[in-house]
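J.: Residue strings, one per chain:
Protein chains: 2
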Amino acid sequence: MGALAKEEFLKPVRISELIRADLSELAIHEVIPTERQMAEHFGVSRVTIQKALKILERSGFIYRRQGSGTFVAPPRETHNHSLRSFSEDLTLRGIEYKTTVLDVRLIESPEMIDTTWARINEPSYRIERVRTTKKVALSWEVSYVKARFAPGLDKEPLSGSLYKLLSDNYGQVVESADEEISSLLIGDEISTKLSVLAGTPALEIQRRAFNKRGDCLEIARAIRPSGREFLKYSVRR
Amino acid sequence: MGALAKEEFLKPVRISELIRADLSELAIHEVIPTERQMAEHFGVSRVTIQKALKILERSGFIYRRQGSGTFVAPPRETHNHSLRSFSEDLTLRGIEYKTTVLDVRLIESPEMIDTTWARINEPSYRIERVRTTKKVALSWEVSYVKARFAPGLDKEPLSGSLYKLLSDNYGQVVESADEEISSLLIGDEISTKLSVLAGTPALEIQRRAFNKRGDCLEIARAIRPSGREFLKYSVRR
DNA sequence: TTAGTAGGTTGGTCTAGTCCAATTCTGGCC
DNA sequence: GGCCAGAATTGGACTAGACCAACCTACTAA
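In order, the protein sequence lines correspond to chains A and B.
My numbering puts the first residue of the first sequence at 1, with every later residue one more than the last.
My numbering puts the first residue of the second sequence at 1, with every later residue one more than the last.
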């Protein structure tokens with residue numbers, strides 16, 4: 001095999017990054033080289049180039065027109081909200097916050113799980129946390145994690161990312177999630193936990209998280225008082 | 001060419017539908033035929049089968065494990081919120097509603113466009129509408145559509161889907177959108193238009209819609225009082 | 001019984017090539 | 001100059017085949 005360095009990235013991904021780097025030097029709507037030219041330039045097949053360009057197209061960096069060519073798309077400032085846990089979301093936006101764990105316990109009997117938004121029919125850990133910055137309350141969150149996927153979770157440090165913990169210590173990677181978003185007024189109980197006035201409007205985010213196999217790992221509910229903090233989504237056809 | 005019927009669908013899409021139909025008869029986590037078997041069965045290449053299975057995998061119907069096989073994933077009830085206009089969203093959920101156009105006008109001078117959430121620097125049509133069911137107010141919406149993409153839009157019937165109108169009459173297809181979601185309390189002005197009490201909590205959805213080239217066609221703002229109507233999203237890694 | 005190894009199966013990745021459809025270019029005709 | 005038909009170009013779709021990595025199973029040896 002020789003001393004060649006191992007290829008760290010898949011070819012289409014790697015090539016898409018290389019192309020992307022070059023895009024910034026071009027004007028918007030400017031044409032970029034053809035598939036066949038790029039295939040020769042990178043020494044790969046045309047299908048590989050097509051996959052690389054597909055990545056860039058779906059990310060909104062280029063657009064393509066059969067018969068004419070591939071062009072640079074106008075830039076978009078929005079970083080799209082791909083799958084992140086609540087804490088990853090805050091971290092990536094550069095918000096410094098503190099996590100306070102209010103309660104962790106194993107709920108053995110499923111009928112005791114008091115979710116109104118989804119049903120769990122097996123023992124689960126209940127994790128209740130609050131996120132705050134220096135002065136402002138960010139969110140109140142409750143997660144139910146099925147115990148069979150993370151035995152002993154209540155002994156772990158829970159002030160960081162729950163998803164990272166599930167991945168690193170239990171090999172359970174969250175691959176997808178369903179979210180439901182609605183609005184409500186914060187009631188007495190949560191208002192004291194968040195130190196905000198009762199009656200403050202807030203977003204309520206309910207989430208079901210799944211692993212690659214489609215097993216539901218976690219059910220979570222977050223309440224975020226509306227302090228000009230947005231949830232951002234990028235939606236495609 | 002003979003009298004053969006024209007293939008209406010692309011092969012991977014068509015095949016994914018055929019496979020999907022068979023999935024319902026299988027138990028969850030049950031293994032389905034291998035790529036090579038399917039390729040022979042459908043008389044196509046393995047790459048085509050892989051594309052079909054990729055569609056099903058991303059839709060959450062199957063999961064795959066290298067070395068072992070492809071399996072039926074547990075069902076998920078959530079229909080994921082792909083790109084729809086506000087009206088399409090309601091229609092697809094089977095909600096009967098009435099659209100009232102409150103105001104349509106061309107704004108020639110960009111500085112008059114009173115958006116606080118985004119800037120438009122060219123003449124645009126302003127469309128203000130309200131959606132209601134028999135008894136309940138659903139949403140209040142304002143759209144700004146750039147005039148150069150839809151000249152004469154103010155003469156069109158605007159009680160239906162704006163996106164369908166843009167597509168059918170102007171060839172402008174909305175391919176992607178950025179959304180920002182926050183919560184607020186409904187103020188006096190909008191409360192009268194929606195016939196709800198001022199102070200009702202609501203979702204505020206701000207949207208920028210783009211065509212395939214990445215041009216921003218529309219900027220919209222919707223306010224939806226929270227009556228147990230959710231925004232549903234399906235998020236993937 | 002247990003640990004380990006060898007071989008076959010399955011999905012993951014990439015190549016080289018063909019055919020097609022949409023678009024653009026070009027040259028000739030009026 | 002303007003228009004039209006055909007050629008060339010470009011992205012889109014698919015094929016047949018190769019090789020690899022993860023996985024599973026069955027057999028073997030300690």
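Hints listed in this document are in silico derivations from the structure and should not be mistaken for laboratory results.
As the structure is a prediction and not an experimental result, all values here were calculated from the model.
All C-beta atoms in this analysis are idealised placements derived from N, C-alpha and C, irrespective of residue type, glycine included.
Keep in mind that a hint or two might mislead.
Claimed, not checked - The following label-pair restraints were derived from C-beta to C-beta distances:
| # | chain 1 | residue 1 | chain 2 | residue 2 | range |
| --- | --- | --- | --- | --- | --- |
| 1 | A | 31 | B | 164 | 25 to 35 Å |
| 2 | A | 192 | B | 74 | 35 to 45 Å |
| 3 | B | 28 | A | 135 | 29 to 39 Å |
| 4 | B | 110 | A | 88 | 17 to 27 Å |
| 5 | A | 74 | B | 105 | 22 to 32 Å |
| 6 | B | 132 | A | 108 | 43 to 53 Å |
| 7 | A | 20 | B | 160 | 18 to 28 Å |
| 8 | B | 9 | A | 21 | 32 to 42 Å |
| 9 | A | 45 | B | 20 | 42 to 52 Å |
Stated by the list, open to error - Computed, partial: chain B to chain A, Cβ under 8 Å:
| # | residue |
| --- | --- |
| 10 | 184 |
| 11 | 187 |
| 12 | 190 |
| 13 | 215 |
Said to hold, decoys possible - Rough simulated footprint, nothing fancy, chain B against chain A, three-plus residues with beta-carbon under 8 Å:
| # | stretch |
| --- | --- |
| 14 | 61-73 |
| 15 | 175-187 |
| 16 | 190-204 |
| 17 | 207-215 |
J.: Looking back at the numbered hints, which does the structure fail to meet, lowest number first?
T.: 3, 4, 7, 9, 11, 12
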